[in-house]
Every structure is written in structure tokens, then in C-alpha cells.
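Take these sequences, add in the hints, and give me the full structure.
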Amino acid sequence: MDWSVIFSDAVRSGIGPIAAVYALAAMGLNLHFGYTGLLNFGQVGFMLVGGYGLAITVATWGGPMVLGVLVGLASAVVLALLLGLPTLRLRADYLAITTIAAGETLRLFYRSSWAEPVTGGVYGLQRFANDFYEISPIPRGTYGVWLVEFSSRDVWVLIVAWALVALVGLLLALLVHSPWGRVVRAIREDETAVRSLGKNVYAYKMTSLVLGGVIGAAAGMLQAIQVQSVSPDTFDPGVTFFLYTLLVLGGAGRILGPVVGSILFWFVLSFLDSALRQAIDAGYVSPELISTSEIGAVRFALVGLALIVLIAFRPQGLLGSRKEMMLGAR
Amino acid sequence: MPADAARPRSPLAPLDGVAPEPGVRKPDPLLVLDGVTRAFGGLVAVRVDHLEVQRGAITALIGPNGAGKTTLFNVVSGFDRADGGRWSFDGQPLSGRSAHQMARRGLVRTFQLTRTLARLTVLENMKLAAVGQRGERLLPALLPPLWRGQEREIERRADELLERFQLARLRDDYAGTLSGGQRKLLELARALMAQPVMVLLDEPMAGVNPALTQSLLGHITQLRDEGLTVCFVEHDMDVVMGISDWVAVMAGGRLVAEGPPHTIGRNRAVVDAYLGKQHDEPEATGETGEAGETRETGEEE
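Taken in order, these protein sequences are the chains called A and B.
Residues 1 to 330 in the numbering used here are what the first sequence lists, from first letter to last.
Residues 331 to 631 in the numbering used here are what the second sequence lists, from first letter to last.
Just so you know, the hints here were simulated from the structure itself, not pulled from any lab data.
All values reported here derive from a predicted model rather than from experimental measurement.
Honestly, I wouldn't trust all of these hints.
[To be verified] Footprint (simulated), chain B over chain A, 3 or more residues, beta carbon under 8 Å:
| # | region |
| --- | --- |
| 1 | 163 to 176 |
| 2 | 189 to 195 |
| 3 | 313 to 327 |
[Stated by the list, open to error] Ranges between beta-carbon positions, derived for each pair:
| # | chain 1 | residue 1 | chain 2 | residue 2 | range |
| --- | --- | --- | --- | --- | --- |
| 4 | A | Ile135 | B | Pro475 | 31 to 41 Å |
| 5 | B | Glu351 | A | Ile97 | 44 to 54 Å |
| 6 | B | Arg482 | A | Gly238 | 39 to 49 Å |
| 7 | A | Leu81 | B | Gln525 | 26 to 36 Å |
Every residue gets a Cβ at the ideal spot worked out from N, C-alpha and C, and that includes glycine.
Written as C-alpha cells, this is what we have:
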């Protein structure tokens with residue numbers, strides 16, 4: 001077994017574009033769930049409308065990419081309003097039900113043959129981010145240290161993606177430590193009390209839903225840009241649950257929780273993937289026990305196991321405060 | 331009894347000549363209710379024809395369980411909708427306004443079961459309640475220089491109140507770690523942070539030990555002396571008799587009696603409400619719970 005390959009694969013994955021995309025999407029979810037207490041189970045829906053907003057504007061209608069980005073963000077605002085208007089006055093679980101249904105409905109709608117002329121149906125849309133790669137200042141070649149190397153194309157995506165994560169993290173940190181953030185965190189604790197103190201709880205919840213949704217859409221666009229393609233089935237409901245997994249892993253209600261969670265999640269996933277693969281090749285694990293094609297499923301099972309252990313021993317996540325967590329257990 | 335004698339009577343002189351009858355007009359009413367009704371299905375929980383709450387006085391709202399006191403609080407404070415009726419606060423018609431609008435206009439309530447915000451510190455609980463904070467709007471929130479000065483001022487005010495309510499040493503603790511009594515104090519202090527004109531206290535003494543009850547009573551009378559109007563629901567008659575300037579009695583959703591505390595115990599309607607109409611019957615002497623039930627049949631007798 002070649003440990004240097006295993007580690008370098010894991011590091012590449014942990015700091016890679018997908019880790020940044022998931023970190024960003026989970027930051028939006030963190031604003032919803034970690035700070036405002038909104039149970040959004042359809043964050044993938046926001047990623048979808050973001051990615052498709054960009055792809056459709058450019059690939060289907062031939063618009064400029066900047067317009068596509070604006071369309072993607074605007075779609076998220078519209079989706080948040082549609083989801084929030086009827087549900088945010090009701091109990092928390094109504095939003096949960098509505099969002100999980102909306103995420104899946106959107107995926108089915110975008111992949112339907114009826115929508116195919118616009119969305120490309122099951123095939124999706126490709127090659128809509130050329131403008132993005134054209135303005136890359138990174139000269140061609142591969143960059144990296146040791147065995148962790150990225151192509152110039154990926155380096156450009158990485159710079160933009162992690163810069164966006166940093167920017168959003170900064171904005172969120174400013175927000176949650178402001179009086180606005182205090183109101184939002186108070187709503188998470190007990191919205192009736194907050195109403196009795198003269199705050200328009202509905203408006204705050206709506207703002208939070210829109211803001212977190214827009215962050216999710218930005219993540220969806222990054223993902224679409226990174227592979228120069230959108231297809232409906234990359235936005236399956238599982239994505240939202242990975243986001244929750246890494247949010248809980250890193251610590252919900254902490255600015256860096258989703259970032260740490262995402263890096264660790266993808267590091268561990270890739271580590272297990274390569275380690276299992278090499279173990280099978282080297283004959284340490286019998287192919288009859290786990291075949292190469294089953295590695296994908298087994299690594300998720302192992303991540304699940306790790307998560308169970310984490311919840312048992314550190315329920316607040318890596319960055320959370322246990323004391324605070326226990327107070328929240330109502 | 332609480333420090334009854336020490337209480338200055340002067341601010342209450344206006345209520346001296348007011349007749350002790352339900353729905354009576356008061357010289358300077360702050361809150362005026364007219365024909366307020368609220369029904370849950372077939373059960374009419376509240377049907378108050380007319381009620382005025384005197385400015386600057388402590389008004390106790392009493393009545394057996396199920397009399398509609400909390401429902402009336404909920405309706406007036408915007409936490410529940412009324413099926414009919416009008417009410418005005420400080421001369422402005424405010425019926426049907428939402429809870430946060432009522433609070434912003436100076437009518438702030440507390441709850442029967444305390445609602446402290448567990449994962450916020452005591453100080454944050456207090457600061458949250460201040461109204462008109464610039465930093466509570468999304469865009470200014472991103473620019474701390476716009477609200478930092480105001481925040482300092484709010485913090486100073488919060489510290490003063492915490493000091494007054496003996497919570498200063500718990501300032502930076504999570505509110506979720508407070509004892510039941512401390513939560514009651516925090517909730518009252520927090521309501522005051524909103525700079526209310528009037529507070530509605532729903533059973534402020536429920537589940538509080540006698541020593542703390544005395545302390546809370548002291549705080550409430552002091553607030554009245556500073557000009558705050560207080561209306562509270564309470565079951566403990568010692569408390570009601572000790573601090574209230576005026577008592578309103580509800581039964582079966584209606585206002586059945588009103589008057590200064592010393593007249594209430596003698597009032598026939600009040601005795602009927604608490605004990606049932608046939609209170610000479612030995613088995614009908616059940617307290618609160620049963621008295622609430624008797625109102626349905628009581629009307630048919």
C-alpha cells in the first residue's frame with residue numbers, strides 16, 4: 001500500500017473544488033439551521049436553481065455569463081420567497097416538509113422531457129462557463145506541492161471558490177455578531193419570546209431563508225462552473241443530507257463549522273476510497289468481501305459509522321461548545 | 331403581607347372615587363377594551379363587554395382556571411386573534427395588530443411559563459429587547475460603526491437593570507443555566523428593556539419561592555411608582571391583595587367584578603365565580619378547576 005498516494009488523494013479532495021462547493025452550500029444551511037433554527041431539507045434545490053439559472057441563461061439563451069450569475073441568484077430569491085411565504089408563519093416542521101418536497105420536485109421538473117428544450121432534460125447543459133476560464137490569470141500547467149497537484153484550470157476554480165467561501169464567511173461572521181444576528185439566534189431559541197419583544201420574526205426568518213438560499217445558489221453555480229455541466233441527477237436529495245452531515249461534523253452555529261466539516265468530510269471520504277482500493281489491490285482485503293465496485297458504498301457506510309461515534313462522544317461537532325449544545329436539548 | 335403600608339397611595343388617588351362595578355369608566359384609562367370576544371369552536375373563552383385599565387396603576391386580573399384571563403392577554407397583546415371587538419392603547423385603536431407591533435407601541439407582555447432564550451447569555455437576552463436598534467436591519471448590521479455607539483448605550487442600560495434585579499453576576503452566563511426564579515426576574519427585566527408603557531404579566535409569581543416573590547413584588551410596586559402601568563394575572567390572593575390598586579375578576583370569559591382589592595373578597599359575583607353559585611352546598615366547595623366548569627351550567631340555573 002502506498003500511503004503517500006492515499007494521503008495526497010485525501011488532501012487533494014479535502015481542499016478541492018467540491019469541498020469548497022459543499023462548504024459554501026453548508027454555510028447557507030448553517031445560517032438557516034445553525035443560527036435561525038429553520039429546518040431546510042431542500043438546500044440542494046437552491047443549488048439547482050443557481051446552477052441551472054446560469055447554465056440556461058448562457059447555454060440555452062446565449063446570454064453573457066454575468067447575466068447568468070445574476071439569474072441564478074435571483075432564482076434563489078424567488079425560490080426562497082415561494083417556500084417561505086406560506087410556511088414561515090407556521091411551525092418549523094412545515095418548512096422542512098415543503099423544502100424536501102420542493103428540492104425533489106425541482107429536480108424532476110428540470111429533467112422532464114417537457115422542459116428539455118430549455119433545461120436539456122436528462123442530458124443537462126454543457127459548456128456555459130467558457131467566459132470564466134478565459135479570464136483566468138493562471139498560466140497553463142500543473143501546480144502543487146508533493147503529490148498534491150492541480151491543473152491550472154482547477155487552480156483558478158479553487159482560488160475563486162475558496163475566496164468566495166472566505167468572503168461569505170466574513171459577511172456571515174459580521175452578521176451573526178451584530179444585533180441582527182442576535183435577533184436571528186433568539187428566534188432559533190424561542191420565536192414567541194422574540195415576537196413579544198417587538199421583533200418582526202416572520203421578516204427575519206424570511207431574510208435568513210433568502211440569504212442562505214442565495215449562498216446555496218452560489219455553491220450550485222460553482223459546482224456547475226467547475227465541471228462545465230449541469231445535469232439534474234447531480235442535484236439529488238442526498239446532497240442536502242451530505243450538507244447536514246458535514247455541518248453537524250464541523251459544528252452547526254459556528255462560522256467555520258461548515259468549512260472544517262466539508263474539508264474533513266471530503267478528506268475522509270477520499271482517504272477511505274483510496275485506502276480500500278489499495279488494500280484490495282494489495283490483497284489485504286479479499287475481493288470477495290468488498291469488490292472494487294462496492295468501495296463507493298462502503299466508504300459512505302464507514303463515514304456514517306464515524307458520524308455515529310462523533311454524535312455519541314462529541315454531539316456539538318468539532319467546533320461547537322458542548323455546554324451550549326446541552327442547553328439546546330429541549 | 332408585602333410592604334403594604336410603605337406603599338405611597340398618592341398616584342392612585344384618581345381611582346378613589348371610581349365605583350366598584352364591572353366595566354366602570356376610569357379617569358385616565360391607558361388600555362380600553364370594547365366587546366372583545368374569542369371563541370374556540372363552541373367554547374366562548376372571552377366575552378368582555380367593556381374594560382378600562384387605569385394608567386399608572388397596578389391592576390390584577392383574577393378568576394378561576396379557564397376564566398379566559400390568559401386568552402384575553404393573548405388577544406390584546408396580538409398573540410391570538412379576536413373574533414370580535416375593539417381595543418385601544420394610549421388613545422390609539424390597535425385591535426388586530428400583530429404581537430411585535432403591540433410591543434413596539436409599548437405594550438409588552440411576559441409569559442406564564444418563562445421564555446428565556448437558553449443559548450443566549452443573560453446580557454444578550456437583555457440587549458435583544460431594546461427597541462429601535464439600527465443594527466437589527468440587514469445592511470447596517472454589516473457596518474458595525476453604524477450601530478456600535480447605540481449598542482454601548484443599550485449595554486449600559488441592560489447592566490443597570492441587571493444590577494437592579496440582582497442578575498449582574500450572571501451577566502455572561504447562558505440564560506439556560508438560570509434557576510426558575512432567576513428566569514422570572516430576567517423575563518421581567520427583559521420586558522423593561524423594551525421601555526414599555528404598560529406590562530402584562532402572566533402569573534409572574536407562579537413557581538417562585540416566597541422570598542423571591544417578595545423581591546418581585548417590590549420590583550413591581552417600584553415600577554408602578556416610576557410611572558409604569560402594570561396588569562397581571564395571579565392566583566395567589568396574598569399577592570393580589572398586597573400590591574394591586576385595582577382588581578378585575580373574570581369568570582366564564584366575562585368580566586364579573588371590578589374594584590379596589592378590599593372590596594373584592596366581599597363581592598357576591600366573585601364568590602360565585604370561585605365557589606360556584608350554590609356554595610352553601612358542601613360538595614360544591616371545590617376550588618379553581620371545578621369553578622371553571624360550573625360556568626357552563628351556572629348560566630342555565
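So, going through the hints one by one against the coordinates:
By the rule of at least three residues with a Cβ nearer than 8 Å to a Cβ of chain B, the coverage given for the region 163 to 176 of chain A holds, with 3 such residues. Coverage of the region 189 to 195 of chain A by chain B holds in this model, with 6 residues showing a Cβ closer than 8 Å to a Cβ of that chain against a need of three. For the region 313 to 327 of chain A, the proposed coverage by chain B is satisfied: 3 residues have a C-beta within less than 8 Å of a C-beta in that chain, meeting the threshold of three. At roughly 34 Å, the beta-carbon separation of A/Ile135 and B/Pro475 lies within the given 31 to 41 Å, and the hint holds.
Taking 44 to 54 Å as the suggested C-beta distance range, the pair B/Glu351 and A/Ile97 conforms, at roughly 52 Å. Checked against the hint of 39 to 49 Å, the pair B/Arg482 and A/Gly238 passes, with Cβ atoms roughly 47 Å apart. For A/Leu81 paired with B/Gln525, a C-beta distance near 34 Å keeps the hint of 26 to 36 Å intact.
Hint violations for this structure: none, all hints satisfied.
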